[in-house]
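Asker: Each chain, letter by letter, is given below.
Protein chains: 2
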Amino acid sequence: MTKLLPTKERIIDIAGDIFGREGFQSATIRKIAEAADANIASINYHFRDKDGLYRAVLEDIFSRTFQKFPAVPLPGNPTDPEERLYVFIHAMFQRFLSHEGWGGFSGRGKLIAREFLDPTPAFEDVVETYIKPQKNILSSILSDLSEGKMDKDRMISCAVSIIGQCVYYAFAGPFIQRIAGNFNINEENLDFLSDHVFQFSLGGIRKIINDAIENNSLTHQEKHS
Amino acid sequence: MTKLLPTKERIIDIAGDIFGREGFQSATIRKIAEAADANIASINYHFRDKDGLYRAVLEDIFSRTFQKFPAVPLPGNPTDPEERLYVFIHAMFQRFLSHEGWGGFSGRGKLIAREFLDPTPAFEDVVETYIKPQKNILSSILSDLSEGKMDKDRMISCAVSIIGQCVYYAFAGPFIQRIAGNFNINEENLDFLSDHVFQFSLGGIRKIINDAIENNSLTHQEKHS
DNA sequence: AGATGAATAAAACATTTGTTTGAAACAGTC
DNA sequence: GACTGTTTCAAACAAATGTTTTATTCATCT
Numbered sequence: 001m002t003k004l005l006p007t008k009e010r011i012i013d014i015a016g017d018i019f020g021r022e023g024f025q026s027a028t029i030r031k032i033a034e035a036a037d038a039n040i041a042s043i044n045y046h047f048r049d050k051d052g053l054y055r056a057v058l059e060d061i062f063s064r065t066f067q068k069f070p071a072v073p074l075p076g077n078p079t080d081p082e083e084r085l086y087v088f089i090h091a092m093f094q095r096f097l098s099h100e101g102w103g104g105f106s107g108r109g110k111l112i113a114r115e116f117l118d119p120t121p122a123f124e125d126v127v128e129t130y131i132k133p134q135k136n137i138l139s140s141i142l143s144d145l146s147e148g149k150m151d152k153d154r155m156i157s158c159a160v161s162i163i164g165q166c167v168y169y170a171f172a173g174p175f176i177q178r179i180a181g182n183f184n185i186n187e188e189n190l191d192f193l194s195d196h197v198f199q200f201s202l203g204g205i206r207k208i209i210n211d212a213i214e215n216n217s218l219t220h221q222e223k224h225s
Numbered sequence: 001m002t003k004l005l006p007t008k009e010r011i012i013d014i015a016g017d018i019f020g021r022e023g024f025q026s027a028t029i030r031k032i033a034e035a036a037d038a039n040i041a042s043i044n045y046h047f048r049d050k051d052g053l054y055r056a057v058l059e060d061i062f063s064r065t066f067q068k069f070p071a072v073p074l075p076g077n078p079t080d081p082e083e084r085l086y087v088f089i090h091a092m093f094q095r096f097l098s099h100e101g102w103g104g105f106s107g108r109g110k111l112i113a114r115e116f117l118d119p120t121p122a123f124e125d126v127v128e129t130y131i132k133p134q135k136n137i138l139s140s141i142l143s144d145l146s147e148g149k150m151d152k153d154r155m156i157s158c159a160v161s162i163i164g165q166c167v168y169y170a171f172a173g174p175f176i177q178r179i180a181g182n183f184n185i186n187e188e189n190l191d192f193l194s195d196h197v198f199q200f201s202l203g204g205i206r207k208i209i210n211d212a213i214e215n216n217s218l219t220h221q222e223k224h225s
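Heads up: the sequence lines are chains A and B, in that order.
Quick note: the first sequence uses the working numbering, first residue 1, plus one each step.
Quick note: the second sequence uses the working numbering, first residue 1, plus one each step.
What the hints contain is simulated information worked out from the structure, not anything from laboratory work.
Every clue listed holds true.
Since the list gives no way to pick out one identical chain from another, each pair is judged satisfied if it fits inside one copy or across any two copies.
Mimicking BS3-like on lysine-lysine, the simulated pairs with C-alpha atoms at most 25 Å apart in a straight line are:
{"no.": "1", "residue 1": "Lys50", "residue 2": "Lys31"}
{"no.": "2", "residue 1": "Lys207", "residue 2": "Lys149"}
{"no.": "3", "residue 1": "Lys8", "residue 2": "Lys31"}
{"no.": "4", "residue 1": "Lys135", "residue 2": "Lys149"}
{"no.": "5", "residue 1": "Lys207", "residue 2": "Lys152"}
{"no.": "6", "residue 1": "Lys68", "residue 2": "Lys132"}
Model, not experiment: these values are computed from the prediction.
Full structure from sequences and hints, please.
Answerer: Given below as C-alpha cells:
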C-alpha cells in the first residue's frame, strides 16, 4: 500500500473522519491507527496522547476551512447590507456543506456539532479565533439593516434566528430527510438553501423592525388579550 | 438515606440526568448506580443491559413530555392559522425549555440533541410515535397560511426554518450565551422567545409567499445577475 | 562508513467498564 | 412458620482501551 502523506498528516486526516463519525470516546486510537495504516504508538509519539490528537484535528479543521472561506469580508465585496447578509449566509453554508469545507453532516460537520453539545477546552480557542469574528460581522450587518430601529435583544434574537436556520440545515440533514422524504441537503442545492434562508430571514428581520417601530414592548399574548 | 421511589424508577430518573450530561458512553453504569443509590447488578436485573436502560429512559422522557404538552391540537384551540402557528411554536419551546419538559439544554434536552447526531434504534420508535405527527401539524398550518401559493419544497424549507430556530435556541443555549453575553435562554423568557420566533417566521413565510407569487423560479443570483 | 536523532513497530501494562454469578434479604402466600 | 418468587448485594470475570516500554528501522549529516 502506498502512503501519499507522511504519517502525522495521514493520522490527522483519518482521525477527523473517525472522530466525526463515532465521537471522541468511541473513536479508539486502535481504529484510527489501523485506518491510517500507522502504529498505535505513533499516535502518542506525534500527539502525546488522544487528547492531543483531537486538539490537532480540531485546529486543522477550522484553520483550513476558514482559510478557504474567510470570515473577514474581502475587498470588493458588496457594501449594501442586504447583499452582505446574503454573502454571509452563503459563506456559512459553504463552510458547512461544501466538500472543501466540512462536507456536511456526514463529514467533519458532525464533529463540530458535537462541540456545540460538549465543548472541549480545544474548542474554546477555536471560538475566540474563528467564531467570534463571525458574530461581529453579522452584528454590523443587522445594525445597518435596522438603522437603529431595533434594540440589542431583538438584534441578538435575529442573529440567532439566522444562524439557527443554517446550523439546523447543516446538522439535521439526515433527520430532515427521514421526516420530509426526498428533501436533499447537500452541496448541490447549497445555492437554493442559501437563497431560501436569505429571503426568509430578510422577511423576518423586516417584520421584527416594523413591529418594533409600531409597538416595541408588547408581546404576542398582550397584543391579543 | 431515604428512598422516595422504588429502585427501578429511581434508576430511570437519575440515568436521564447522567446520560444527558455525559452521553451514553461516558455515563457508566457504576456512576448511575451510585447516584441512584442502587447496586450495579440491579440495573442489569431491571433493564437487562445498559442499552435496555437507555431505551427505558428515552421512552420515559418522550412519553411524559408529550403527555404534558401534547402534539394533537386540543379542542377549543384556535383555528386561525397564524394563531395555530404561535401555539405550535410555544408548545415546542415548552417541551424544550420548561422544567416539566426537558428542562432546557442542561437537563434532558442534551440527551435528545445527541439523538439528532447519533440516532439509536430506540429513537426510531420515538420519531414515529411522537415527532412525525408534529410534522403533519406544521404542514397543515403552513398549507393554510400559504393558501396554495407555495410549492412543496418551499413549504418544507419554511418548516425547517421554523423548527431550526426553536431547536437552535434550545440546544445552543450555553453557546449563544458564550458568544452574546447576557442573553438568557431558559424557562423565564420562554414567552419572549416564542414571540420572537413567531414574528420572525411569520415575516419570513410572507416574504417567501410574495416572492413565489411574483417570481417563483429565479434564485437570488439569477435575479441579480 | 559511522554516528546521531527521528520515526515506527510489537508487546506488555494498568485501568476502566459492561456483565455475570451465587448468596443473602425481602415480601407475599399457603 | 415454611415456601416461593422477587429484589438486592458484593465479588469476580472478561473484554476493551489509553499508555508506556524497548527494540528496530530509517534518514541525514560528517
